[in-house]
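**Q** Listed here are the chains, written in short residue letters.
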Amino acid sequence: MREFAYEAVTDPEGAVALVAADPDACFLAGGTNLVDHLKLGVASPRRVVDVSRLPLASIVAGDDGVRIGANARNSDVALHPRVQADLTVLSRALLAGASPQIRNQATTAGNLLQRTRCVYFQDVTTACNKRAPGSGCSAREGYGHHNAVLGGSESCVAVYPGDMAVALTALDATVVVLGPDGERRVPVEELHRLPGDRPDRDTTLAHGELIVGVEVPWLPDGSRSAYHKVRDRAAFAFALASVAGVLRLDGGAVTELRLAWGGVAHKPWRARQAEEALIGRPLDEASVHAAVDLELAAAAAGPANAYKLALLRNVTWLVLRDLAGEGAR
Amino acid sequence: MGARLQIEIGLTVDGAERRLLVDTRSTLLDALRDRLGVTSPKKGCDHGQCGSCTVLLDGRRHLTCLTLAAAADGREVVTAAGIGPDHGRGGLHPVQQAFLRHDALQCGYCTPGQVCSAVGMLAEAAAEEVTLDDAEIRERMSGNLCRCGAYVNILAALRDVARSEGTG
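The listed protein sequences derive, respectively, from chains A and B. Quick note, in this note's numbering, the first sequence goes up one by one and the last residue is 329. Quick note, in this note's numbering, the second sequence goes up one by one and the last residue is 1168.
Here chain A stands alone, though its shape is the one from the complex (with noise of 0.2 Å):
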């Protein structure tokens, strides 16, 4: 591991000074990515600027939704009374990422700009457009199982891995972004990018930028949200593919619709498309699976990562049909 020098800092403004003036520094809070990169030699920053005791760490329940600090822990955000009661698929989403330990660790900025687990990002024997840029991608030709089916490019076909990206994205929430400058607001589907020739980018922030806080809005009177995943295995495994859905129905048809989708692509991805085609109309499996389909017409799979189609057309089916039931009850 590359020496470096570490920063305990107590102000968010200086910690965004400290990293904007180093283009060899980074932020730290949970450590459960950036710790396991320096050890694999896939970060090897001089200086990291420990931004773990920023008061940043409250959940704020407001009138138009809850306000998430920037540190506040994912198992304090999953099992907040009204996260759990008013924003299930944002908990859900939480508690189906990772292990108990690492929920107490993780914070939610650093959940948000947790790095793909692309085997050959992770390997630094092998060649990764993301980690180094212009050296190719291995995972166009080799183990294919986990690659991006929308979105992808030539220079790289890796998924953004978290879950609660994926039900932010679903809930409409907006990052708040401090910098050198002030601040500014982003919304969360906003914040990751598609890979293009520039996959050593993952988000749209500048060097230095430091994600304060989320600002979550409450669902529609009447909504209902659901997460779910689907894994190799049946705890602590990243998504094959996940749905996040928000649905409301009045008489029978489709009033809200919000569906995204992770495991599928560079940034949890926002299925416009399907939420327009079943706007308006009454839910069975054949029109969602007409709609899902419609948004996988600019799909691009190969027999290692074909199967995420059909699990993104079954799981958005299953959750859109659940969350019809509860609304019947």
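These are calculated hints, taken from the structure and not from any lab test. Note that the coordinates shown come from a computational prediction; the quantities given were computed from them, not determined experimentally. Heads up, a few of these hints could be off.
[Stated by the list, open to error] Below are the EDC-like pairs computed for lysine to aspartate or glutamate, each with C-alpha atoms no more than 16 Å apart in a straight line:
id : chain 1 : residue 1 : chain 2 : residue 2
1  : A       : Lys39     : B       : Asp1046
2  : A       : Lys39     : B       : Asp1023
3  : B       : Lys1043   : B       : Asp1030
4  : A       : Lys39     : A       : Asp123
5  : A       : Lys39     : B       : Glu1136
6  : A       : Lys39     : A       : Asp11
7  : B       : Lys1043   : A       : Asp36
[Stated by the list, open to error] Computed beta-carbon distance windows for the label pairs:
id : chain 1 : residue 1 : chain 2 : residue 2 : range
8  : A       : Arg272    : B       : Thr1012   : 48 to 58 Å
9  : A       : Asp64     : B       : Arg1018   : 40 to 50 Å
10 : B       : Ala1123   : A       : Leu194    : 41 to 51 Å
11 : A       : Gly134    : B       : Cys1107   : 43 to 53 Å
12 : B       : Val1152   : A       : Ala237    : 14 to 24 Å
Where is the CB? At the ideal position from N, CA and C, for every residue including glycine.
Got chain A; can you put chain B on it based on the hints?
**A** Leaving out everything else, chain B in the frame of chain A:
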């Protein structure tokens, strides 16, 4: 600003105040084992996947292999060696007693992590007012692997403790 490649930290480990100078790259696990001689937490995968390095950090179960020692400055560490009454000097914790009763180990390497994780799980379940049935225990202990496959008896031990504590 001079780069600080070493940093002095303070830790409370199983009730004892410890001060030490650590390399900024050192994990909490390596600092405990190699610098302080606290070998109860074990290095299994060293990548956060096996749970054998689990301790209670400020009362919550936590992976020491994914924590920089520098970032743990001022915190309280409880390992399986100090989890019993009187920081472990007064006998075994009920979870440890149940592991013995149910033969919940073979080689024992993962056991300190299993014990700390189980104690954390019991506290979490009590706070959440959740009943620990077998499915809950399996899910909530999923961060701790046992390569010997002693899961059946680990489950039996934790079912036993949960029932006697009123959470099972």
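**Q** When the structure is checked against the list of hints, which entries are broken? Sort them ascending.
**A** 5 and 6
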